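2 protein chains.
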Amino acid sequence: MGSYNIAIVGVGAVGEEMLKVIDERHFPAKSVRVLARTPRTITVKNKQYLVEATTPESFTGVDIALFAGTEGEKGAAVRFAEEAITRGAVVVDNGADFRMRSDVPLVVPEVNASALDTHKGLIANPNCSTAQLVVALKPLHDAARVKRVIISTYQAVSGAGSAAVDELTAQNNAVAAKSEVVSSVFPQQIAYNVIPQIGGFDADGYSSEEMKLVHETRKILGDQSILVTPVVAARVPVNTGHSEAVYVELERPLSVSEAIALWNDFPGVQVWDSNDNPKRSYPTPLETAGSDDTYIGRIRKDLSNPNALVFWIVSDNLRKGAATNAVQIAEALVSRNLLRGK
Amino acid sequence: MGSYNIAIVGVGAVGEEMLKVIDERHFPAKSVRVLARTPRTITVKNKQYLVEATTPESFTGVDIALFAGTEGEKGAAVRFAEEAITRGAVVVDNGADFRMRSDVPLVVPEVNASALDTHKGLIANPNCSTAQLVVALKPLHDAARVKRVIISTYQAVSGAGSAAVDELTAQNNAVAAKSEVVSSVFPQQIAYNVIPQIGGFDADGYSSEEMKLVHETRKILGDQSILVTPVVAARVPVNTGHSEAVYVELERPLSVSEAIALWNDFPGVQVWDSNDNPKRSYPTPLETAGSDDTYIGRIRKDLSNPNALVFWIVSDNLRKGAATNAVQIAEALVSRNLLRGK
Numbered sequence: 001m002g003s004y005n006i007a008i009v010g011v012g013a014v015g016e017e018m019l020k021v022i023d024e025r026h027f028p029a030k031s032v033r034v035l036a037r038t039p040r041t042i043t044v045k046n047k048q049y050l051v052e053a054t055t056p057e058s059f060t061g062v063d064i065a066l067f068a069g070t071e072g073e074k075g076a077a078v079r080f081a082e083e084a085i086t087r088g089a090v091v092v093d094n095g096a097d098f099r100m101r102s103d104v105p106l107v108v109p110e111v112n113a114s115a116l117d118t119h120k121g122l123i124a125n126p127n128c129s130t131a132q133l134v135v136a137l138k139p140l141h142d143a144a145r146v147k148r149v150i151i152s153t154y155q156a157v158s159g160a161g162s163a164a165v166d167e168l169t170a171q172n173n174a175v176a177a178k179s180e181v182v183s184s185v186f187p188q189q190i191a192y193n194v195i196p197q198i199g200g201f202d203a204d205g206y207s208s209e210e211m212k213l214v215h216e217t218r219k220i221l222g223d224q225s226i227l228v229t230p231v232v233a234a235r236v237p238v239n240t241g242h243s244e245a246v247y248v249e250l251e252r253p254l255s256v257s258e259a260i261a262l263w264n265d266f267p268g269v270q271v272w273d274s275n276d277n278p279k280r281s282y283p284t285p286l287e288t289a290g291s292d293d294t295y296i297g298r299i300r301k302d303l304s305n306p307n308a309l310v311f312w313i314v315s316d317n318l319r320k321g322a323a324t325n326a327v328q329i330a331e332a333l334v335s336r337n338l339l340r341g342k
Numbered sequence: 001m002g003s004y005n006i007a008i009v010g011v012g013a014v015g016e017e018m019l020k021v022i023d024e025r026h027f028p029a030k031s032v033r034v035l036a037r038t039p040r041t042i043t044v045k046n047k048q049y050l051v052e053a054t055t056p057e058s059f060t061g062v063d064i065a066l067f068a069g070t071e072g073e074k075g076a077a078v079r080f081a082e083e084a085i086t087r088g089a090v091v092v093d094n095g096a097d098f099r100m101r102s103d104v105p106l107v108v109p110e111v112n113a114s115a116l117d118t119h120k121g122l123i124a125n126p127n128c129s130t131a132q133l134v135v136a137l138k139p140l141h142d143a144a145r146v147k148r149v150i151i152s153t154y155q156a157v158s159g160a161g162s163a164a165v166d167e168l169t170a171q172n173n174a175v176a177a178k179s180e181v182v183s184s185v186f187p188q189q190i191a192y193n194v195i196p197q198i199g200g201f202d203a204d205g206y207s208s209e210e211m212k213l214v215h216e217t218r219k220i221l222g223d224q225s226i227l228v229t230p231v232v233a234a235r236v237p238v239n240t241g242h243s244e245a246v247y248v249e250l251e252r253p254l255s256v257s258e259a260i261a262l263w264n265d266f267p268g269v270q271v272w273d274s275n276d277n278p279k280r281s282y283p284t285p286l287e288t289a290g291s292d293d294t295y296i297g298r299i300r301k302d303l304s305n306p307n308a309l310v311f312w313i314v315s316d317n318l319r320k321g322a323a324t325n326a327v328q329i330a331e332a333l334v335s336r337n338l339l340r341g342k
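Chains as they are written, first to last, in our numbering: chain A, 1 to 342; chain B, 1 to 342.
These aren't lab readings, by the way, just hints derived from the structure by calculation. This structure is a prediction, so every number in the text was calculated from the model and none was measured. What you were told as hints is all true, and nothing was included just to trick you.
Just so you know, same-sequence chains aren't split out, so a pair can sit in one copy or run between any two.
Calculated cross-link-like contacts (lysine-lysine; reagent style DSSO-like; alpha-carbon spacing at most 30 Å):
{"hint": "1", "residue 1": "Lys178", "residue 2": "Lys45"}
{"hint": "2", "residue 1": "Lys178", "residue 2": "Lys20"}
{"hint": "3", "residue 1": "Lys30", "residue 2": "Lys20"}
{"hint": "4", "residue 1": "Lys147", "residue 2": "Lys301"}
{"hint": "5", "residue 1": "Lys45", "residue 2": "Lys30"}
Can you make the complete structure from the sequences, with help from the hints?
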């Protein structure tokens, strides 16, 4: 029996994953209250949960409220975070609404847990594609300073919620049956396709997903001088697991074996690279889905810039990219004694 | 009735596409001889073709022999190109075996047709991922000199042949039926996955597909000083159409509208960009498959380097990436009077 009353707000793809992760990691929860727009009963990993409608009063007695708001959508935190904080909870929000606010720590615990120490009740969980990127960059940045990142992404449909997963399956089945393919979550068919758009476009033509990579990476690494070029953030017909092709320019050269050694020493990283591990030449989203770790492979020196490395990062977007990172923040709040009234 | 006897060698995914393209583009063929390892009859676009076994004598009387050898595999040209040339044919080889030989022109007609003028009987067709890249780069290079290219690819399975297309379909169906997924063409399941490997790895960890982007781009653009970083060449679960996320550093700044104007003036390019064309915000492989053109979208200035642009290129890998380009080379051989004995 744990000591903390937890609330999970939102039980789409990320909220369900949060329930699994709390259980798997044996988070010391005294109670888990599950809140959403529509009251109902859900079953996650053979456990039943009663889902109650979210109201301000739902947060009475709650120590930590994890808001599951997924990629892109205005999260429930906009409506309820203040109410939860007023009632004494610390809010960890997976939505994008508060991440760039200067009084809101944006945290990946392995990278910048100390940013939690000055929290004012609200803590932001980064976007899925940023979380795995900063985990990979942090040890390189500490060893050789990251000057520039040029990145393209291959993102799974579950980042757009469980309706998107259902849409991909339905489309693949429709193609097989030669029946009509219907697209409602995505702007066009995602089965057998790649869509180079995640979120809306700004005046410069960058998508919101691409700009999150720029701003969130700088904030989490605490270095506004890092240049980030998000070439394209693209959606691919994969259910779970975002992949990223990354070029990183450092202040001084790092060899492939030095980079591998740094990553092997870093929490939550697994190196799957033919240089290091002949059995696991590289990670793919399908093989690594369901894991809490960030996987790095295809690690090479750039062919022309001696200070640059290129590599491939894969992580489960619902796990390290969302639920796992949020629960790790909750764990860090406990271990750093940062819960309110405790 | 045309004037030229054509031979197509190999009738996999690319060879069949060559038969279609010759027909669609009304290539002035007097006869089309179809050659392959196994004699049989095939039907392509409602037309029957008798496939004969390839022998040296098959090339007697042939003016142009198009070898369809696909990505990765040792092409029939290794066995038969010399025999065909000896008998008076000009060979256009889609295989990778001869592309980097200094006495073999490597040609994308819109880019470097004049390289054909000194041919010695054998002409190489570039790799699919290079063809669309150099079409996009050429007008930028002429206007503002390309100094550096950083690229990641999203490549369709048909680049690995028609067995690969069948494998993706079979795997999607097996996933739907919850039955066993079998992988034989690819090293692991491609359905619902991304595989960051195309071809074998060299000592530096680069795949053969990645190194083709480096060497072929420089040869076709005729500039060995261009730096090319192939971050990752990846296979995605798409049947046809390769996509590329590209960062290009130029010697001087080009605005987005200048780049669009250059591309709009360039043969075989279609700009689908929200800046230029509100109905076609960007190209996807599914929408552009079956077209001979190269599609460019998501065109932006880089956020930190005023001399750099980022964009997204999509083209049908069996068309401009293989069959169409080979037939365009044949057309250029005709128009430039470069056939032997003619």
